[in-house]
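K.L.:
Below, each chain spelled out in residue letters.
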Amino acid sequence: MDRYNDFSVEDFVWDDFFRQWTLSPTSETDALWDDWIDANPEMLEKVEQAKAIVLSLRLHEPEIDDSEINQVVKQTVGRITEANEDSARAPRRLVPAFSIPWMQFAAAVALIMLMGWAVYSVMIKREEKPELSQQDSVIEPNGAMTEKTNSTSQTIELALSDGSKISLAPKGRIRYPERFDGERREVFLEGEAFFDITKDPQHPFLVYANGLVTKVLGTSFRIKAYGNSREVTVEVKTGKVAVFAQSDPHLKEKVADKQLQGVVLTPNQKIIYARNEVKMVKTLVEKPEMVVSKAEIPQFEFEDTPASEVFNTIARAYGIDILYDEALLRDCPLTARLDNQTLHDKLSIICKAVESSYEIVDGQVIIHSKGCRN
Amino acid sequence: MNSTSPFSEDRVLWQDFLAGEVRAFEKLMSDNFRLLFRYGSKFSKDRELVKDSIQDLFLVLWEKRDNLNPDAAVKPYLMASLRRLMHRQVSSRTWVGGEALQEEDDYFEIEFSVEDDYIRNEATHSRTHHLQKLINALPRRQKEVVYLKFFQELSREQIAEVMGVSPQTVSNLLQIAIRHLKTHWKAEFLIFFLLHFLF
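For the protein sequence lines, the chains are A and B, in the order given.
Under numbering that gives the first Met the number 0, the residues of the first sequence are numbered 0 to 373, in order.
Under numbering that gives the first Met the number 0, the residues of the second sequence are numbered 0 to 198, in order.
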């Protein structure tokens with residue numbers, strides 16, 4: 000609080016924490032500010048004045064009453080349900096687009112751009128094609144490389160010389176050596192593929208995709224690296240995976256090291272790598288699956304079980320970290336059957352029951368709770 | 000924490016909306032209507048236009064629901080979409096009409112009222128009224144940032160999303176606006192004080 004010692008009235012008025020206290024005080028902030036004012040009695044007048052200003056300067060918002068809102072909402076809901084019923088018979092007519100003058104203009108512009116693109120793609124695109132192999136600076140291509148493009152509408156299975164399997168999604172493109180004989184196993188991907196890699200700690204397996212390097216010793220995971228998307232995602236199914244940017248200053252060491260360096264992902268975690276921002280966000284995959292074998296799947300039936308124990312059971316089954324305040328949740332008993340829900344549904348139900356909420360930060364689940372002892 | 004972490008309720012509602020549940024559509028729209036109406040009114044005084052725009056916004060979102068981000072932060076996303084939609088409407092009218100309605104694009108109207116109940120002395124009274132005038136006189140974008148930050152309590156990142164600018168730009172705008180408010184306010188206050196004592 001010392002930073003407030005030489006605040007002026009103006010400074011207080013625009014200070015977040017001060018405003019928060021003034022507009023929605025809690026017992027904690029009241030105590031904090033009262034103590035501070037006791038210690039700095041000369042500030043009392045400024046505080047009083049700033050408080051009066053913050054409270055009195057109200058934004059004059061246009062009013063709309065509930066019945067008016069209700070009417071618009073009902074009307075809109077009517078339009079969408081009607082549209083749902085109609086959609087089988089006729090395409091929905093929202094706005095007669097080309098009757099709007101600027102739409103005609105926009106259409107003309109679009110047409111010109113399309114023609115320009117067509118010319119461009121015929122003349123220039125051809126030269127760009129071989130980028131898949133040239134994007135790498137680390138690689139010394141030894142031996143013959145094979146390139147496969149999946150132009151079918153189904154996923155195709157590829158077997159590599161080390162026994163690893165790759166499922167290449169439609170439109171995906173992959174380049175790999177016919178035989179892995181170097182220290183490392185390296186492949187290049189554009190598009191989406193699922194990898195099931197044979198374990199070989201002496202020969203790390205690396206996937207280069209849109210500026211992101213994914214390094215594993217033996218595991219299964221999925222990479223999505225579409226050419227037109229700014230993001231690369233890596234989702235781990237089993238084992239451990241390390242990822243780092245190809246622009247990483249320590250790229251050479253990270254590639255060469257037999258250990259996994261960089262951001263390490265464990266099952267059910269995924270990373271989103273935004274190419275233009277060079278930042279990685281670790282989170283959970285959309286539909287986390289249990290990592291334990293079928294026989295080991297626990298009974299998700301709880302009767303007066305402390306919520307902390309319930310979270311532990313779930314964390315073990317999904318191989319993820321769930322962080323919570325042990326002391327608070329020990330006193331929150333839970334009775335529920337949760338064997339058919341997804342992870343997110345399970346968490347939502349539990350949180351609802353014990354009046355908490357959860358969020359996913361850095362690939363972990365964090366439970367916010369006030370506890371159940373009133 | 001329950002009320003501050005929008006995860007459980009807003010997020011679930013949004014995902015139900017994306018899954019095509021009419022009930023979720025209805026709740027999402029009525030829950031956010033007042034907020035959007037107030038925000039939209041900053042761009043146009045025409046109540047009916049604002050209401051229509053919100054309706055259009057939800058119809059468009061419903062049509063596009065298969066392609067929307069399930070992890071979007073709902074409130075800022077809705078505000079940003081409404082802002083874009085209304086700007087487009089205003090500028091398309093300018094195009095078609097051929098009239099120079101340029102200034103409409105710069106429209107961002109906020110009205111403050113001073114509730115005198117809280118004010119005990121005259122100095123505070125005049126300071127508050129003066130501050131009100133200064134805020135109203137800020138350039139449009141600065142005014143919008145001040146509004147979103149202090150009166151809608153959005154974070155820097157959320158404001159950036161709503162206004163379609165970088166978080167750094169938000170910080171800059173905010174800093175310029177607050178510095179302007181503080182310095183002018185101080186000067187004016189000094190004059191007031193001097194006058195008060197001299198005469």
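Calculated from the structure, these hints are not laboratory results.
Quick reminder that beta carbons are idealized off the backbone N, C-alpha and C, glycines included.
Mixed in with the good hints there might be a few duds.
The calculated lysine-lysine pairs, modelled on DSBU-like cross-linking and capped at a C-alpha distance of 35 Å, are [stated by the list, open to error]:
1. Lys74/B - Lys236/A
2. Lys63/B - Lys369/A
3. Lys73/A - Lys142/B
4. Lys164/A - Lys147/A
5. Lys142/B - Lys269/A
6. Lys181/B - Lys73/A
7. Lys147/A - Lys45/A
8. Lys63/B - Lys45/A
Residues from chain B that face chain A, not an exhaustive set, calculated with beta carbons under 10 Å [stated by the list, open to error]:
9. Met28
10. Ser29
11. Arg33
12. Leu48
13. Lys50
14. Asp65
15. Asn66
16. Pro69
17. Val73
18. Thr123
19. Phe149
20. Leu180
K.L.:
Of all the hints given earlier, name the ones this structure violates by number, lowest first.
P.N.:
2, 5, 6, 7, 8, 12, 14, 15 and 17
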